[in-house]
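Going down the list, the protein sequences come from chains E and U. Going by this note's numbering, 156 is the number at position 153 of the first sequence; the sequence numbering is gapless. Going by this note's numbering, 315 is the number at position 240 of the second sequence; the sequence numbering is gapless.
Among the hints, a few may not be true.
[Unchecked claim] Derived DSSO-like pairs: lysine-lysine, alpha-carbon spacing no greater than 27 Å straight-line:
#1 E/202 x U/378
#2 U/143 x E/102
#3 U/143 x U/180
#4 U/372 x E/102
#5 E/102 x U/180
#6 U/372 x E/202
[Stated by the list, open to error] Label pairs and their calculated CB-CB ranges:
#7 E/130 x U/139: 23 to 31 Å
#8 U/368 x E/155: 44 to 52 Å
#9 U/358 x E/40: 26 to 34 Å
None of these hints come from the bench; they were simulated from the model. Glycine included, each C-beta is placed from N, C-alpha and C at the ideal position.
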Amino acid sequence: MTQIYLYPIWTRLWHWTNALLFIILIGSGASLHYGTDILAFDTMILIHNSAGIMLTIAWVIFLLGNLITDNSKHYRIQLKGLITRLMQQSYYYGIGIFKGDAHPFHVSAEMKFNTLQQLTYIGVMYGLMPILIISGLLFLFPTYLPDQFMGIGSIWIVAITHLIIAYLMVIFILSHIYIITTGETVFSNLQAMITGWHKGKDL
Amino acid sequence: MKNFKYVKIIAFLILLTNFHTGFANTTEKTENCLRCHSMETLAYRDKNTGEVINLYVNAQQYKQSNHKNLECTTCHAAEHNEYPHPASVKQEQLYCLDCHKEDSKFIPYRFTEIEQDFNHSVHVTESPYKFSCFSCHNPHQFKISQVGEDLSKIIGYDNGICLNCHAATGQSKSSATLLKSHQWLPNPSLHWKHVRCVECHTPAGEHFSHKILPSEKSVKNCVECHSKEATLLTRLYKYRSQEDLQETGWLNQAVFNRAYIVGMSRNETIDLWSLIILGFTILGLLAHGLGRFFTNKIRSNKK
Numbered sequence: 004m005t006q007i008y009l010y011p012i013w014t015r016l017w018h019w020t021n022a023l024l025f026i027i028l029i030g031s032g033a034s035l036h037y038g039t040d041i042l043a044f045d046t047m048i049l050i051h052n053s054a055g056i057m058l059t060i061a062w063v064i065f066l067l068g069n070l071i072t073d074n075s076k077h078y079r080i081q082l083k084g085l086i087t088r089l090m091q092q093s094y095y096y097g098i099g100i101f102k103g104d105a106h107p108f109h110v111s112a113e114m115k116f117n118t119l120q121q122l123t124y125i126g127v128m129y130g131l132m133p134i135l136i137i138s139g140l141l142f143l144f145p146t147y148l149p150d151q152f153m154g155i156g157s158i159w160i161v162a163i164t165h166l167i168i169a170y171l172m173v174i175f176i177l178s179h180i181y182i183i184t185t186g187e188t189v190f191s192n193l194q195a196m197i198t199g200w201h202k203g204k205d206l
Numbered sequence: 076m077k078n079f080k081y082v083k084i085i086a087f088l089i090l091l092t093n094f095h096t097g098f099a100n101t102t103e104k105t106e107n108c109l110r111c112h113s114m115e116t117l118a119y120r121d122k123n124t125g126e127v128i129n130l131y132v133n134a135q136q137y138k139q140s141n142h143k144n145l146e147c148t149t150c151h152a153a154e155h156n157e158y159p160h161p162a163s164v165k166q167e168q169l170y171c172l173d174c175h176k177e178d179s180k181f182i183p184y185r186f187t188e189i190e191q192d193f194n195h196s197v198h199v200t201e202s203p204y205k206f207s208c209f210s211c212h213n214p215h216q217f218k219i220s221q222v223g224e225d226l227s228k229i230i231g232y233d234n235g236i237c238l239n240c241h242a243a244t245g246q247s248k249s250s251a252t253l254l255k256s257h258q259w260l261p262n263p264s265l266h267w268k269h270v271r272c273v274e275c276h277t278p279a280g281e282h283f284s285h286k287i288l289p290s291e292k293s294v295k296n297c298v299e300c301h302s303k304e305a306t307l308l309t310r311l312y313k314y315r316s317q318e319d320l321q322e323t324g325w326l327n328q329a330v331f332n333r334a335y336i337v338g339m340s341r342n343e344t345i346d347l348w349s350l351i352i353l354g355f356t357i358l359g360l361l362a363h364g365l366g367r368f369f370t371n372k373i374r375s376n377k378k
């Protein structure tokens, strides 16, 4: 068994802050959306908006962290062999994992994500997150919006965009929580994100 | 009629005491009129119709109104400068759009649109009473609401215009009738406190319409306000945000966001499909997990 220090303290703090904020945001967001009586409506708005602003700050920290440190290397797509790696990874998750096949990807200090993970995280962090944040901010400051966009009330467009991205984020988080159990052991990836050390036979 | 003569004599005497000041400026001219017309009891009964004609102008409210800088004779006939007023002034017919339609500075207020909407309003098409702008708007008190004003006061003022007739004791539409006709509305008092009557009783659109709808055509479906196409979204949400921004600043606006209304992000189709996809995702992940567990067990047993 070998181990590698894969997650520096800032990425772990950022990750767990994100996790906490997402739980708060999904809970309060669902409550605001469906109108439940868990807490007073105004309190829910306060919680959701505060958590949303903190998530925005966390996202900016992530961007800055990737600029300042070499963490950005994990988000650089290697086009060569991309399709093959994707197919291998998909085959593993779809079939190989049930047959006990060896994991097609080997974690290293140079690349901590397999190709499927990498594309998902890029999509989430550089695609969904900015849309979620911008739609959230426009929700808070609608005075800068036109009344209508293509004949539809622009605030409704903002609301529905925020809603769709929120649903996609829930799907991502559920998948993410499940996928981390596919490591060396069920909890090895979780432990790695707590301690920073990735343990495995495949290193 | 005898009483009216006394009123005229008193008013004349009051005016005489003020003649030495002359009519140097608008305010003074207005003040001269108000010396009589700010008396709460200034009124007479029309001998033909028997109707009491109220001549009272609340001076305090007038001085805060949008018309405060206008001389009285800007709208009223110049004959009013004579005292006693000639009998002909009683025939005077005033119409807001005589001033408001022509002047280019009133274009943003869309008076032409207001006139068209008003002519299609249930007040004009169905009401047995003769309606004019003055039936709802008192030109001596009218003050357009501004961003930054207390929203509850604006709502209270606007709803007061409707309730002045529709909840008046002894009228066909008393408070009890009003409550009965709004029985379907969940939490009516909360709605009346936070939403103007006209939000539901006029057609939805970017701007407020003066086309008051008959009750059967008014909004009765919750989702028309609490989700897509929402009048509340286009009219109220931005207004409330602007108000918050001015009153409380950026951070408070962002954190408290009083403009959000429950259900404004609801869309049945998107919710349904998203929940179905979410459900299948959970089932798929559970099935995958169980598959791993059992195949792993089988492999362990084989070893």
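To see whether the hints hold, each was checked on the structure:
no. : hint                      : result
1   : E/202 x U/378             : holds (25 Å)
2   : U/143 x E/102             : violated (87 Å)
3   : U/143 x U/180             : holds (17 Å)
4   : U/372 x E/102             : holds (11 Å)
5   : E/102 x U/180             : violated (79 Å)
6   : U/372 x E/202             : holds (23 Å)
7   : E/130 x U/139: 23 to 31 Å : violated (54 Å)
8   : U/368 x E/155: 44 to 52 Å : holds (47 Å)
9   : U/358 x E/40: 26 to 34 Å  : holds (29 Å)
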